[in-house]
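**Q** Sequence:
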Amino acid sequence: MSSSLESQAKTEELFRLQPQKVVPAFGLHPWFTSSITLLDGAESGDQEFDKRAHYREILVKKHYPTSSIGRSDTQQEDERRRKDRMEIWEWIDCHLHLLPKPIRLENFLVGLRQRLMRFPTSVMGEIGLDKAFTFHIKPSPVIHPTRGSNEKDDGDQPVTEDRVIKSKYKVSIGHQLQILQKQIELAIELRRPISLHCVQAPTELLGLIDELIGRWGVRFTGLLSNHQTTEKKSKTGPAQMGSENPTLQADSERDKDTTQEQGINLCWHSPNISVEVLQQTLRKLPRTAYFSYSSELAILFDSRAPSNKAHPGLAQPQCDETAVLDNKRYSTRAVQAIRATPLDRLLLESDHGADPVLIDNKLQQIFHLVRVVKSPQSAGSSGLPSDDYSLDSHSDRLARQIEANWNRFYTGA
Numbered sequence: 239m240s241s242s243l244e245s246q247a248k249t250e251e252l253f254r255l256q257p258q259k260v261v262p263a264f265g266l267h268p269w270f271t272s273s274i275t276l277l278d279g280a281e282s283g284d285q286e287f288d289k290r291a292h293y294r295e296i297l298v299k300k301h302y303p304t305s306s307i308g309r310s311d312t313q314q315e316d317e318r319r320r321k322d323r324m325e326i327w328e329w330i331d332c333h334l335h336l337l338p339k340p341i342r343l344e345n346f347l348v349g350l351r352q353r354l355m356r357f358p359t360s361v362m363g364e365i366g367l368d369k370a371f372t373f374h375i376k377p378s379p380v381i382h383p384t385r386g387s388n389e390k391d392d393g394d395q396p397v398t399e400d401r402v403i404k405s406k407y408k409v410s411i412g413h414q415l416q417i418l419q420k421q422i423e424l425a426i427e428l429r430r431p432i433s434l435h436c437v438q439a440p441t442e443l444l445g446l447i448d449e450l451i452g453r454w455g456v457r458f459t460g461l462l463s464n465h466q467t468t469e470k471k472s473k474t475g476p477a478q479m480g481s482e483n484p485t486l487q488a489d490s491e492r493d494k495d496t497t498q499e500q501g502i503n504l505c506w507h508s509p510n511i512s513v514e515v516l517q518q519t520l521r522k523l524p525r526t527a528y529f530s531y532s533s534e535l536a537i538l539f540d541s542r543a544p545s546n547k548a549h550p551g552l553a554q555p556q557c558d559e560t561a562v563l564d565n566k567r568y569s570t571r572a573v574q575a576i577r578a579t580p581l582d583r584l585l586l587e588s589d590h591g592a593d594p595v596l597i598d599n600k601l602q603q604i605f606h607l608v609r610v611v612k613s614p615q616s617a618g619s620s621g622l623p624s625d626d627y628s629l630d631s632h633s634d635r636l637a638r639q640i641e642a643n644w645n646r647f648y649t650g651a
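For the sequence shown, the numbering used here assigns the number 239 to the initial residue and increments by one for each residue that follows.
Hints in this document: simulated from the structure, not taken from any laboratory. Among the hints, erroneous ones may be present.
When the alpha-carbon atoms are kept at most 30 Å apart in a straight line, the in silico DSSO-like pairs for lysine-lysine are as follows [said to hold, decoys possible]:
id	residue 1	residue 2
1	K522	K300
2	K522	K376
3	K259	K404
4	K339	K289
5	K248	K420
6	K321	K259
7	K612	K406
8	K522	K420
9	K369	K289
10	K299	K289
11	K248	K259
12	K406	K376
13	K299	K406
14	K600	K369
15	K404	K522
16	K369	K420
17	K289	K420
18	K406	K522
19	K369	K259
20	K289	K248
21	K300	K289
22	K300	K404
Taking CB as the label site, the calculated pair distances span [as the list claims (entries may be wrong)]:
id	residue 1	residue 2	range
23	I403	D634	46 to 54 Å
24	R453	T649	21 to 29 Å
25	D316	A578	21 to 29 Å
26	Q639	R320	27 to 35 Å
27	R401	E427	18 to 26 Å
28	K259	E328	32 to 40 Å
29	F270	E427	17 to 25 Å
30	R356	T312	50 to 58 Å
31	E423	R356	18 to 26 Å
32	K339	E427	27 to 35 Å
33	H632	P594	26 to 34 Å
34	P303	K404	41 to 49 Å
Please read all numbers here as calculations on a predicted model, not as lab measurements. Heads up, the beta-carbon is just placed ideally off N, CA and C, and yes, glycines get one too.
Use the sequences and the hints to build the structure in full.
**A** Encoded structure:
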């Protein structure tokens, strides 16, 4: 799964080394959208001017609703925004020599298109929105010549120091939205499934989905509009009534008349969302939305546990009810979302990129939780049932269902 500009080539290299094991995914993660500029005058030749203008344009102290960007309701708010802007500009000027020069969005999209076309089995991802992360600079590593630990060593042993300069500023959600929209539209054009990252930005994401539905229609959703459905039925005659498969727990809209367009499958990876947001997403994309859960967000860690490096902006809820299974505390929010997810829209993942040895263990953890939550005994309950051997017969069916879901998400079949 690609994330930064540099990782696009690394993903390609990994696929070439292990083509039978790797499904390549290309796209720009929201944490790295600062590397893309939307300014028309970018790359004019004056590098310092380009960088200063770009970072002044995209960095903010807090996220504002996209409808209110550029305006405020009170004089006090105007003054506060002015002070924030001056503070950010001062920080940019101080660190300008360390800030990487951005590239134009058009240039990035050309390279992204070429990679997606060069690898027909590739996926678009990981792309999305994130209001939690803060902008940071990672300058080139510094090499220090230091004395070796071995006293017999006559020479100096160079030590590489990776530096990270953190800030308290964020990349504006408006900037992230424009880059996300262009990437999704490219996925629609090339008919590629999407791996989506969305943290603390469900309103913006759902608004973008509405915009994409209005522009791309059935090519995005796989569903005919009401007008198109009526028009088609008038040509073909009344549709024959068919029976629904209750085991899939699918929304009835999924059985609407469609053309050969299957839409673009979209997987919301490691979601930390309410049941309401999940249901809104399914109403908008009943045929193509998938939700891939992980133990990284389902388990509530206590203060003694390591922080979640994959999602640093997510703090442990202070008043969240919890459910306990095998001495692990699970967020009620996560349990409710898993319970509300239709079985044919359910996927699982590790969401773990540190120690590869732990990946299988994390997959087992989330599978264990899902099989308990989705067990017949759990239906309608507010907590988790006790785990026992009776769930074993449920495991095989659940595993086969998840495998079928992945194949459908990936191939569109």
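**Q** Can you confirm whether the C-alpha distance between K406 and K522 stays at or below 30 Å?
**A** Judged against 30 Å, a Cα distance of about 35 Å means the pair is violated.
**Q** Is it true that the CA of K300 sits at most 30 Å from the CA of K289?
**A** Distance of about 21 Å is within 30 Å: holds.
**Q** Given the range 18 to 26 Å, decide if the beta-carbon distance of R401 to E427 lies inside it.
**A** 40 Å, violated
**Q** Is it true that the CA of K259 sits at most 30 Å from the CA of K404?
**A** The hint is violated at about 36 Å.
**Q** Can you confirm whether the C-alpha distance between K522 and K376 stays at or below 30 Å?
**A** 39 Å, violated
**Q** Against the 30 Å threshold, does the CA-CA distance of K369 and K289 hold or violate the hint?
**A** Distance ~22 Å between K369 and K289 Cα, so the pair holds.
**Q** For the range 18 to 26 Å, tell me whether the beta carbons of E423 and R356 fit it or not.
**A** 19 Å, holds
**Q** Between the alpha carbons of K289 and K248, is the straight-line distance 30 Å or under?
**A** 26 Å, holds
**Q** Does the Cβ-Cβ separation between R453 and T649 fall within 21 to 29 Å?
**A** 25 Å, holds
**Q** Between K522 and K420, is the straight-line Cα distance small enough, at 30 Å or below?
**A** Holds - the C-alpha atoms of K420 and K522 are around 20 Å apart, at most 30 Å.
**Q** Go ahead and decide if the range 26 to 34 Å is satisfied by the Cβ distance of H632 to P594.
**A** For P594 against H632, whose Cβ atoms are near 29 Å apart, the range 26 to 34 Å holds.
**Q** Starting from K248, check that the Cα of K259 is at most 30 Å away, please.
**A** Distance of about 15 Å is within 30 Å: holds.
The structure fails hints 2, 3, 6, 7, 15, 18, 19, 25, 26, 27, 28, 34 (numbered hints given earlier, in ascending order).
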